[in-house]
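*Asks:* Chains as they are written, first to last, in this note's numbering: chain A, 1 to 418; chain B, 1001 to 1418.
Check each hint, because a few of them may be wrong.
Unchecked claim - Sample of chain B residues at the chain A side, in silico, Cβ under 8 Å:
# : residue
1 : V1263
2 : C1273
3 : R1329
4 : D1339
5 : V1369
6 : G1371
7 : L1372
8 : S1374
Unchecked claim - Facing chain A, a subset of chain B residues (Cβ under 8 Å, in silico):
#  : residue
9  : S1070
10 : S1275
11 : P1301
12 : V1302
Claimed, not checked - Computed footprint of chain A on chain B; a stretch qualifies when at least three of its residues, placed anywhere within it, have a C-beta under 8 Å from a C-beta of chain A:
#  : region
13 : 1130 to 1140
14 : 1188 to 1199
15 : 1250 to 1259
16 : 1331 to 1338
Derived by calculation from the structure, the hints in this document are not laboratory data.
Virtual Cβ for every residue (Gly too), placed ideally from N, Cα, C.
2 protein chains.
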Amino acid sequence: MKSNLAPLGPKADKDTVRRHNLSLVLRAVRDEGEAGEATRAGVAGRVGLTRAAVSSLVEQLIDSGFLTESGKTFSGQAGRPGTALKVARTGPAGLGVEINIDYVSVCVVDLAGTGRVRQTEHLDNRGAPPGEVLARAAGIAARTLESAAEQELRPVGAALALPGLVSGGSVRQAPNLGWNQVPAEELFAGALAGLRPGRSVLPVSSENEANLAALAELWFGGLDKARSFLYLTGEIGVGGALVLDGELLRGAHGFAGEIGHVVVDPAGPQCRCGSRGCLEQYAGQAALLRAAGIDEGATGPVAELERRARAGDARAVGAVAEAGRMLGRVLSGAVNLIDPEAVVLGGIYRGLMPWLAPPADEELTDRVVSGLWSAGSGRLRASSVAGDAARGAAALVMQDVLADPVAYAGRNEPEVAR
Amino acid sequence: MKSNLAPLGPKADKDTVRRHNLSLVLRAVRDEGEAGEATRAGVAGRVGLTRAAVSSLVEQLIDSGFLTESGKTFSGQAGRPGTALKVARTGPAGLGVEINIDYVSVCVVDLAGTGRVRQTEHLDNRGAPPGEVLARAAGIAARTLESAAEQELRPVGAALALPGLVSGGSVRQAPNLGWNQVPAEELFAGALAGLRPGRSVLPVSSENEANLAALAELWFGGLDKARSFLYLTGEIGVGGALVLDGELLRGAHGFAGEIGHVVVDPAGPQCRCGSRGCLEQYAGQAALLRAAGIDEGATGPVAELERRARAGDARAVGAVAEAGRMLGRVLSGAVNLIDPEAVVLGGIYRGLMPWLAPPADEELTDRVVSGLWSAGSGRLRASSVAGDAARGAAALVMQDVLADPVAYAGRNEPEVAR
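Bound conformation, chain A alone (with noise of 0.2 Å):
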């Protein structure tokens, strides 16, 4: 059974005590924020500890430049006026940079999580060396950082977000990429650092793309509130990531949600990870354009899907519905297995879901064995806007400021060449 033997009572010191009721406060004034306006009375009743205590750790904050006042003031519920706090527009933030097959995306986001600046360009990084994407992809980020400083904003970290198979800080995997074994943190930052000479080195993060999407849309997507779902991605390949009672499950190797590489059918078309029949060659970016006719390099070939399908072309209706049969039949398993909440359908799926959802919802209504799916129940969703893997590593860089403030209350003033 399970053990927690750790006694009532913690024997944390004053200092660590305090560091953790720093973030809390932090924390509390970011989510109050999102709702209306923070005060310190209602900080307090939030965290549960005093009036008193709440504005000592406040002024530090503010001190710090991790929270601002407002000079508008307004009368509490009771009580005399409150001035309304909010976390700060500048100072740290996260960098947040998506390698993926056919696009480099990146983005800054400050401590409330919104983002700052956005850089994207499109190439085609299949079968590019990976040094040479990995270079490409800190020119990018270099040249975000330097919009990012206009703002005095000062990124603490950069996380990377890749379509593979990630840990300790390599792609052990990416198929589609065709990488293999790649110490991709490494390279990044030594381009970056490159790029940058005299100033601080970036700590560098990674983490596979549908996860961080999925955790983005878990932050910033308004899921109503879900807690646990399922998230697909379509992209040249098709990623997925599962969020469970608002934890990412990354899985005993780091390698969970890899739903694309679940198999339609055994006999199936070759896969590029080695497998025969998977997913990917039912509804990934490729098969739905091969079987839509369309030119995979053709300038916005997914667009041109769009376009076609909206016209009523049946080959590229027949080509999505199919996909989404697919999705279907895949995603039915999964719900058997995980009973989540939610389906959340990201990438080129979102543009796509007029046609794609109804067979998807169809085939889950009919192989869900608890009968408790049912069609245009809403369980089956696209992903918000917000739901992208970029700025979900960007946010999840700022998860270790939010978690500990202090540390990086040092890092605060403007960055200067030395």
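Position chain B against the provided structure of chain A, taking the given hints into account.
*Replies:* Structure of chain B alone, referenced to chain A:
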């Protein structure tokens, strides 16, 4: 982002803290008792409380009948000789009742989780009125309770293990039993109360049987510390459960783990769940026996299947190998999605492992994308003998006792008819 707004420093009152610490000490003695002998000093070290505090808690647990002290003394590593502590072999106990398609098994476990009384009857429950099946189960339970009373064990609650979708005390759907919307807890509790006039009424809970078998495996199975695993149990149906980081995944509606209804072939045979081509139609007991040419109505048909496979009967070996391939194919999808440490096969699969496991392992090796699955690596394993649903159900009842022994201290007198 995850908001944990509870401040450090619990505001728990003294009574709450003491009850919590009594639970800590009781669980520590039980866990230490598994490894060797528990002493006050050892427990103090383990739970992080002072020796004096632990002594006082131990006295209360002895007085209430939860712990016993063996007369035997021995020299500790340091200090004066200690007395060995053990959890009591009498007193509070849990009653587990597994109602499956072709048998009912009832088990009583003590505080240590040891199965102390077991009664199993082979019955064909298919198509029988649910009330009748539950009344039969209550009869077996009543007889088991008499045997438990002779051992001075006093079950404080009963848990039902049921082969279907269970929530809110009812079976929503158990296709192989033919049950729909059956208020199982109520029917069982009523029948049991009727058989024990004047006795105290046992609180009854219920859970999916594969979930409970998986918990038994987690708690008693010696899984080499695997805390995340997918559990499959071959019965008339194919049940499944997911344990992630030592916790059962119940899902948004309590229906997670239904791997038996993952689609193998959308055009395959009709399944009792209403869908087609589910795993159960390829790897369930009926499908296996049919493919092996064994009459399902024969005596001990699964033992016969094992016997024939052991004797090298080509049809039997082929049937089991084909079921293994289908299992492996579905499992590969689940492993790609979840990335568990291990996959554990229970029920009829345990005895069929020599012929079932190699083809399943081969499919997994071919289809798990991380390349981390290799045949014979031990990630695919048979469940231990301990992994049965009735014991899991009984142990689930004991969780409440271990979590708050004080709540059960008053019920420790010998049971008398009133």
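*Asks:* Could you check if P1301(B) really has its C-beta closer than 8 Å to a C-beta on chain A?
*Replies:* violated, 26 Å
*Asks:* Quick check on the hint: L1372(B) CB to chain A CB, less than 8 Å?
*Replies:* holds, 6 Å
*Asks:* Tell me if R1329(B) is really an interface residue toward chain A, meaning its C-beta lies closer than 8 Å to one of theirs.
*Replies:* holds, 6 Å
*Asks:* Are G1371(B) and chain A close enough, Cβ to Cβ, to be under 8 Å, as the hint says?
*Replies:* holds, 7 Å
*Asks:* Do three or more residues from the region 1331 to 1338 of chain B put their C-beta atoms closer than 8 Å to C-beta atoms of chain A?
*Replies:* Result for this restraint: holds, n = 6.
*Asks:* Would you check chain A against the region 1130 to 1140 of chain B, counting CB to CB pairs closer than 8 Å, and say if three or more residues qualify?
*Replies:* violated (count 0)
*Asks:* Under 8 Å is the threshold here; is the Cβ of S1275(B) close enough to any Cβ of chain A for the hint to stand?
*Replies:* The hint holds - S1275(B) has a Cβ within 8 Å of chain A, the shortest such distance being about 5 Å.
*Asks:* Checking hints one by one. Is D1339(B) an interface residue toward chain A, by the C-beta closer than 8 Å rule?
*Replies:* Holds. Min distance 2 Å.
*Asks:* Does the CB of V1263(B) sit less than 8 Å away from some CB of chain A?
*Replies:* holds, 6 Å
*Asks:* Does the nearest C-beta of chain A fall within a distance shorter than 8 Å of the C-beta of C1273(B)?
*Replies:* Hint holds; C1273(B) Cβ to chain A Cβ min 5 Å, cut 8 Å.
*Asks:* Between the region 1188 to 1199 of chain B and chain A, see if three or more residues pass the 8 Å beta-carbon test, and mark the coverage as holds or violated.
*Replies:* violated (count 0)
*Asks:* With a cut-off of 8 Å between beta carbons, are at least three residues of the region 1250 to 1259 of chain B near chain A?
*Replies:* holds (count 10)
Violated hints, listed in ascending order, are 8, 9, 11, 12, 13 and 14; each of the other numbered hints is respected by the structure.
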